[in-house]
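Chain residues, written in single-letter form:
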Amino acid sequence: MTEAPANPVSPPPPKGGDLVRRHSLVTRLWHWFNAVVVIVMLMSGLMIFNAHPRLYWGQYGANSDPSWLDLGQLAAVPFPGWITIPSQYSLADARLWHLGFAWLLAVSLLAYLGWAGLSGRLWRSLIPRPAELRPAHLWHDISQHARLRFPGGAAALSYNVLQKLAYAGVLLVLLPGIVLTGLGMSPAMDAAWPWLLDLLGGRQSARSLHFVCAAGLVLFFLVHIAMVVLAGPFNELRSMLSGWYRLPPERENAP
Amino acid sequence: MIVNRRKLLGMSAAGAGGLLLGGCDALNGSPGFREALTGAESLTMRTQRLLMGDALAREFAEAEMSQHFRINGNSMVADSDYRRDARTLFANWSLQVDGLVARSLSLPLDALRSMPQRTQITRHDCVEGWSAIGKWQGPQLGAVLALAGLLPSARYVVFHCADRFGDTPYYESIDLIDAFHAQTILAWWMNGAPLTEGHGAPLRLRVERQLGYKQAKFIMRIELRETLAGLYDGKGGYWEDHSGYQWYAGI
Chain R
1 MTEAPANPVS PPPPKGGDLV RRHSLVTRLW HWFNAVVVIV MLMSGLMIFN
51 AHPRLYWGQY GANSDPSWLD LGQLAAVPFP GWITIPSQYS LADARLWHLG
101 FAWLLAVSLL AYLGWAGLSG RLWRSLIPRP AELRPAHLWH DISQHARLRF
151 PGGAAALSYN VLQKLAYAGV LLVLLPGIVL TGLGMSPAMD AAWPWLLDLL
201 GGRQSARSLH FVCAAGLVLF FLVHIAMVVL AGPFNELRSM LSGWYRLPPE
251 RENAP
Chain H
1 MIVNRRKLLG MSAAGAGGLL LGGCDALNGS PGFREALTGA ESLTMRTQRL
51 LMGDALAREF AEAEMSQHFR INGNSMVADS DYRRDARTLF ANWSLQVDGL
101 VARSLSLPLD ALRSMPQRTQ ITRHDCVEGW SAIGKWQGPQ LGAVLALAGL
151 LPSARYVVFH CADRFGDTPY YESIDLIDAF HAQTILAWWM NGAPLTEGHG
201 APLRLRVERQ LGYKQAKFIM RIELRETLAG LYDGKGGYWE DHSGYQWYAG
251 I
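Going down the list, the sequences are from chains R and H.
Going by this note's numbering, the first residue of the first sequence is number 1, and it counts up by one from there.
Going by this note's numbering, the first residue of the second sequence is number 1, and it counts up by one from there.
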């Protein structure tokens with residue numbers, strides 16, 4: 001009997017043009033579920049913002065107090081019907097949507113972060129390694145991106161540092177931040193968790209930061225869509241739908 | 001081929017956008033969908049009550065109070081009885097407490113003022129998004145209810161108010177959990193003076209762990225009920241009936 005070789009020959013590393021497994025089923029399911037929920041939250045949130053389109057810092061803030069942002073100066077109803085839920089002014093209906101979908105957002109985020117953390121994926125693929133955060137490396141990636149030179153071949157199997165920072169920023173800062181600042185606006189949650197008010201600097205600060213997080217998510221969304229289009233929308237969409245991704249051709253890193 | 005796929009993707013994206021916009025308004029009008037979302041409201045209430053128990057809303061220092069406390073809702077009352085009582089600074093007015101109680105009460109303002117008082121500097125959060133911090137004083141609602149003695153069937157405390165929107169009187173309601181919370185008071189004193197008409201003279205509710213529309217102003221009568229059904233449109237408050245605001249306003 002021959003023994004199995006101690007070092008089985010591993011398959012050759014994938015190269016440009018190969019069709020590879022890119023995203024797990026859990027990631028794909030959460031991605032699309034979360035995309036729908038975040039869009040509903042954004043559109044219903046803009047309707048809620050229309051009811052009082054001013055933002056303040058601190059514990060309190062109303063019309064006679066100084067605001068740092070007053071979109072009411074632009075128009076009585078700053079966000080138009082095509083971008084709000086519902087399209088006709090209704091604070092009550094927008095709250096019905098927002099506070100219902102908030103549960104979906106928070107519970108699915110908690111479940112996904114738990115899965116990504118416990119399975120090790122969070123640390124393996126999303127948290128940048130110290131070497132990646134060196135200014136020279138960051139600068140190199142930024143200049144490559146600015147010239148629309150994206151990694152190819154096996155290098156495209158893992159996220160580059162800019163992708164890691166963007167995705168980790170959404171998953172670990174913007175989404176948890178928007179849930180916590182949302183809870184910080186609730187008078188009942190402020191009684192239950194008084195540390196929320198201390199952490200966020202007051203209810204009106206929580207409301208301002210909620211809006212800032214939402215603006216951050218919109219910015220991410222715009223850049224994300226632009227990158228998908230630039231990197232090849234068919235291949236990118238296929239990878240997030242079916243999991244299969246065709247590796248782009250290797251790129252010579254010559255200057 | 002790629003071009004066709006790209007076109008297809010573009011068309012799908014445009015189609016999805018259109019469906020989203022039209023679909024949301026269609027869903028907004030769908031009774032089943034609204035019922036599902038309303039289910040989230042009771043989930044929110046049960047979860048928040050579990051998390052907060054008897055916890056108090058934050059109380060602030062005098063230095064943290066709003067310079068100007070915004071007046072919202074009705075700022076004046078047209079009712080002729082109210083106008084007559086306002087002329088004598090409510091000296092001849094009294095609060096009615098009735099419904100599912102052992103003893104109906106008629107409490108003049110002096111009686112409410114001579115009960116043990118609670119003073120609290122708390123934040124008022126409007127459903128629209130603004131907040132103001134003010135100082136309130138009055139007897140605890142629980143003490144007033146104890147004077148009347150609740151019948152076992154009493155489950156809701158309804159506040160009947162003197163102001164109206166058009167022909168519809170303002171009213172609000174809370175359940176016994178909030179009614180007997182330590183910070184739930186019948187305020188007649190605000191920021192160092194008797195309540196002004198704009199802020200709800202002679203008496204307004206402070207139920208500090210809920211939003212502004214629950215803080216009924218111009219309270220004339222407190223009614224204990226077993227159910228909110230059969231009262232106006234049955235949703236437990238003017239804004240709940242008129243605009244569909246949530247009855248539980250903890251968020």
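Keep in mind that the hints were calculated from the coordinates and are not lab data.
Glycine is no exception: its CB is placed at the ideal position from the N, C-alpha and C atoms.
Do not take every clue at face value.
Said to hold, decoys possible - Which chain R residues stay away from chain H? Per the calculated CB distances, all over 12 Å, these:
id, residue
1, 19
2, 51
3, 146
4, 149
5, 154
6, 169
7, 190
8, 194
9, 244
Claimed, not checked - Stretch-level coverage of chain H by chain R, calculated; a stretch enters the list once three of its residues show a Cβ under 8 Å from a Cβ in chain R:
id, segment
10, 24-31
11, 54-62
12, 100-107
13, 206-216
14, 242-248
What the hints assert, rightly or not - Derived CB-CB ranges, DEER-like:
id, chain 1, residue 1, chain 2, residue 2, range
15, R, 218, H, 242, 29 to 35 Å
16, H, 43, R, 237, 32 to 38 Å
17, H, 142, R, 89, 37 to 43 Å
18, H, 32, R, 218, 27 to 33 Å
19, R, 119, H, 56, 40 to 46 Å
20, R, 139, H, 56, 50 to 56 Å
21, R, 20, H, 56, 17 to 23 Å
22, R, 23, H, 177, 45 to 51 Å
23, R, 225, H, 226, 28 to 34 Å
24, R, 212, H, 229, 40 to 46 Å
25, R, 121, H, 22, 33 to 39 Å
Item to check | Structure versus earlier hints - violations, ascending order | outcome: Violated hints: 2, 7, 8, 12, 21 and 23; rest satisfied.
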